[in-house]
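**Student:** Work the whole structure out from these sequences, hints included.
So you can see what is in the structure, the chains are spelled out below.
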Amino acid sequence: MKKLILGLITALGLMGGAHAAGGDTIAWDKAPVNTSDTASLQNGAKLFVNYCLNCHSAAFMRYNRLQDIGLTNEQIKDNLLFTTDKVGETMKAAIDAKQAKDWFGANPPDLTLIARSRAGHGGTGADYLYTFLRTFYADDTKATGWNNLAFPSVGMPHVLWELQGKRRPVYETKMEHGHEVNVFKGWEQLSPGAMTPLQYDQAVGDLVNFLQWMGEPAQKTRVRVGVWVLLFLLLFTVIAWRLNAAYWKDVK
Amino acid sequence: MAEFKEISPNASAGAKLTNWFENRFPTAFDAYRVHMSEYYAPKNFNFWYFFGSLAMLVLVIQIVTGIFLVMHYKPDAALAFGSVEYIMRDVPWGWLVRYMHSTGASAFFVVVYLHMFRGLIYGSYRKPRELVWIFGCAIFLVLMAEAFMGYLLPWGQMSYWGAQVIVNLFSAIPFVGPDLALLIRGDYVVGDATLNRFFSFHVIAVPLVLLGLVVAHLLALHEVGSNNPDGVEIKGPDAPKDANGKPLDGIPFHPYYTVHDILGVSVFLMVFTAIVFFAPEFGGYFLEYNNFIPADPLKTPAHIAPVWYFTPFYSMLRAITSEMMYALIACVVLGAVLGVTKLKLPSLFKMVVVGGAVVLSALMLAIDAKFWGVVVMGGAVIILFFLPWLDNCPVKSIRYRPDWHKYLYGIFVINFVILAYLGVQPPSPIGERVSQVGTLFYFGFFLLMPWWSRLGQCKPVPSRVTFAAH
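Order-wise, the sequence lines are chains A and B. In terms of the working numbering, the first sequence opens at residue 1 and continues consecutively. In terms of the working numbering, the second sequence opens at residue 1 and continues consecutively.
None of these hints come from the bench; they were simulated from the model. For glycine and all other residues, C-beta sits at the position ideal for the given N, C-alpha and C. Mixed in with the good hints, there may be bad ones.
Residues from chain A shown here face chain B by an in silico Cβ test under 7 Å; the list is partial [to be verified]:
no. : residue
1   : 113
2   : 117
3   : 155
4   : 159
5   : 236
6   : 237
7   : 252
Computed cross-link-like contacts, DSS-like style, restricted to lysine-lysine with a CA-CA straight-line distance of at most 27 Å [unchecked claim]:
no. : chain 1 : residue 1 : chain 2 : residue 2
8   : B       : 299       : A       : 142
9   : A       : 252       : B       : 299
10  : B       : 299       : A       : 101
11  : B       : 246       : B       : 127
12  : B       : 74        : A       : 86
13  : B       : 235       : A       : 249
**Tutor:** Below is the structure:
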């Protein structure tokens with residue numbers, strides 16, 4: 001019986017998290033997500049509106065919801081409204097959907113929920129995005145001239161290339177199970193970007209942090225309320241336990 | 001009409017009011033007595049007896065949160081996904097209502113599986129409680145339909161493709177299958193018509209049936225009385241009773257089990273709310289990650305898996321490959337041979353058994369394995385209905401059964417969990433073999449029960465329930 005129970009526990013452990021996306025790509029890096037960091041979220045929002053929103057929409061996200069990350073309606077109107085003039089509107093893409101399909105082969109996906117939908121075996125959706133946005137490289141064989149390690153043959157070009165610069169992955173040949181395999185070793189910088197690698201990682205971290213927050217704006221409220229609900233239930237359970245004991249103490 | 005009860009003019013206003021109502025609506029007062037204050041339940045209920053009341057609690061949570069969701073949800077293929085996000089973002093506390101409903105769906109199956117397991121180990125399905133068990137199995141079946149149709153409504157990728165896969169299963173039925181699948185979908189693919197009819201079924205038709213069955217389940221239970229961990233009848237003709245004829249081993253449901261269940265409810269709610277507030281996706285098992293992508297009929301996900309509570313049955317469906325059919329035919333032939341040689345049947349019956357086995361084997365060869373997969377999946381639920389007549393053990397409760405019965409039930413549970421696990425995973429050659437063995441064990445457990453449940457030495461059953469005062 002003990003063995004069976006142990007086996008069962010092992011099986012449960014193996015289940016880990018359910019997964020969505022598969023494929024043989026590189027391991028995902030841990031994203032520096034902290035949805036309490038308002039400065040990071042605001043910087044992420046700025047990057048998002050400037051770089052992503054040209055092609056991608058965030059169709060379920062209203063501009064004025066950015067008040068939740070410490071921006072005033074005036075700030076939102078003055079700095080972040082490019083595709084509309086109403087602050088209560090949702091974030092639509094600047095690009096025409098039909099043209100986008102012609103150019104990239106597919107419509108750029110909506111990004112409202114991208115951080116939630118991209119979670120999988122490799123980690124959270126934020127981890128995926130953090131890895132994806134940092135592993136673009138120049139590849140002349142592709143129509144856009146760009147390729148990606150986390151999403152091979154991706155249709156999206158490296159939108160942030162001016163910030164990161166052009167890079168190329170370096171592989172080393174290793175023997176594995178008697179076969180020669182190419183293993184990713186590191187990067188070779190072909191041309192410098194406007195940011196240092198450290199600054200770039202931070203910027204992408206802020207952007208991913210924003211995407212994580214946007215996937216579920218209520219996520220912090222949820223946890224805050226949850227603590228109080230659980231504290232109440234803890235107290236209630238003690239009362240229910242004593243009440244039950246009081247009723248049953250005379251039952252023989 | 002019943003006699004009017006007179007009440008002293010000096011009685012309190014509350015007593016007068018109660019008397020006024022009782023004289024005009026005595027049925028409600030009788031029902032309260034029959035089902036609550038004078039319903040005697042055994043004293044010795046343990047942990048396993050919380051899950052019936054918890055299932056009722058979850059049903060109420062689902063109905064109440066469902067009512068609020070319907071106020072904002074749009075059953076339209078173009079609007080459905082967006083309306084769910086609208087609930088999550090723009091409706092005040094909408095996220096809470098939605099998470100309660102999505103977590104409630106999984107919680108429902110957790111408590112129902114545990115409730116069924118309780119019935120299984122304590123023999124709660126045995127005479128005279130067969131109908132209670134059958135209503136319960138019907139509730140389980142209807143609940144599966146309810147959950148399946150509800151899962152389409154968020155209109156995400158997994159909603160869409162899960163529904164596509166499951167509805168397509170019906171098309172495997174010979175002759176009527178394709179038309180039946182068309183009738184269910186209302187279209188040639190899952191689409192707006194499907195969403196609308198699933199919405200209608202999910203919010204009104206199926207819940208009505210579910211509520212009716214829950215009432216039948218409880219009325220039938222209160223007629224024959226609750227079983228208990230000892231499997232001892234507390235209301236039988238030989239059971240000890242007090243001077244008023246009340247069972248000595250029983251206790252009024254209200255207030256004793258109401259306060260008891262409140263304790264169970266509060267512990268359950270701690271687990272439930274911890275998931276709702278801190279892990280509503282539950283690692284992708286309660287809300288699948290893929291379902292945060294709107295349904296796209298042109299993009300099939302690489303891996304389609306049903307939600308966890310369907311996966312044991314889904315595994316059994318996938319286990320039935322054309323190879324597996326030979327194993328199943330061998331089982332049918334073996335069963336027929338054993339039936340003819342071991343059972344003392346009249347020769348006419350023997351011929352029927354042999355003829356039946358031959359016809360069944362021929363059909364199993366002639367019709368596609370996919371159809372038999374559907375039969376096996378459906379059969380895995382339907383077989384539960386017959387449990388009262390499969391169990392031949394002289395005692396009801398696992399407590400007094402031979403020890404090896406306990407191990408057998410343990411293996412049954414582990415097998416069920418392994419099947420559930422394999423159903424979540426993408427198909428693999430090893431997984432296929434394991435799920436095939438698991439499927440044979442699942443059916444063997446039930447179909448051979450008339451034989452194995454008779455074996456072994458049972459322990460003496462006490463005449464009174466085991467109860468230690470608190």
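**Student:** Decide, hint by hint, whether the structure agrees.
**Tutor:** Hint check:
At a threshold of 7 Å, the smallest CB-CB gap from residue 113 of chain A to chain B is about 4 Å, leaving the interface hint in force. Among the interface hints, the one on residue 117 of chain A holds; its C-beta lies about 4 Å from the nearest C-beta in chain B, closer than the 7 Å criterion. Because the smallest distance between the Cβ of residue 155 of chain A and any Cβ of chain B comes to about 13 Å, over 7 Å, the interface hint for this residue is violated. The criterion of a C-beta within 7 Å of any C-beta in chain B is not met by residue 159 of chain A, whose closest approach is roughly 21 Å, and the hint is violated.
Checking residue 236 of chain A against chain B: minimum C-beta separation of about 5 Å stays under 7 Å; hint holds. With 7 Å as the threshold, the beta carbon of residue 237 of chain A comes within range of chain B, its nearest partner Cβ sitting at about 4 Å, so the hint holds. With a cut of 7 Å, the hint placing residue 252 of chain A at the interface with chain B holds, because the nearest CB-to-CB distance is about 5 Å. Distance hint between residue 299 of chain B and residue 142 of chain A is fulfilled; the C-alpha atoms sit about 23 Å from each other, no more than 27 Å.
Of the pairs offered as hints, the one joining residue 252 of chain A and residue 299 of chain B is violated, with about 65 Å between alpha carbons and a cut-off of 27 Å exceeded. Taken as a hint, the residue 299 of chain B and residue 101 of chain A pair is honoured in the structure, with Cα atoms around 15 Å apart against an allowance of 27 Å. Straight-line distance between C-alpha atoms of residue 246 of chain B and residue 127 of chain B comes to about 22 Å, which keeps the hinted pair within the 27 Å bound. Straight-line distance between C-alpha atoms of residue 74 of chain B and residue 86 of chain A comes to about 25 Å, which keeps the hinted pair within the 27 Å bound.
Taking the CA atoms of residue 235 of chain B and residue 249 of chain A, the gap is about 23 Å. The hint holds against a cut of 27 Å.
Figure legend: structure checked against the earlier numbered hints; hints not met, in rising order: 3, 4 and 9.
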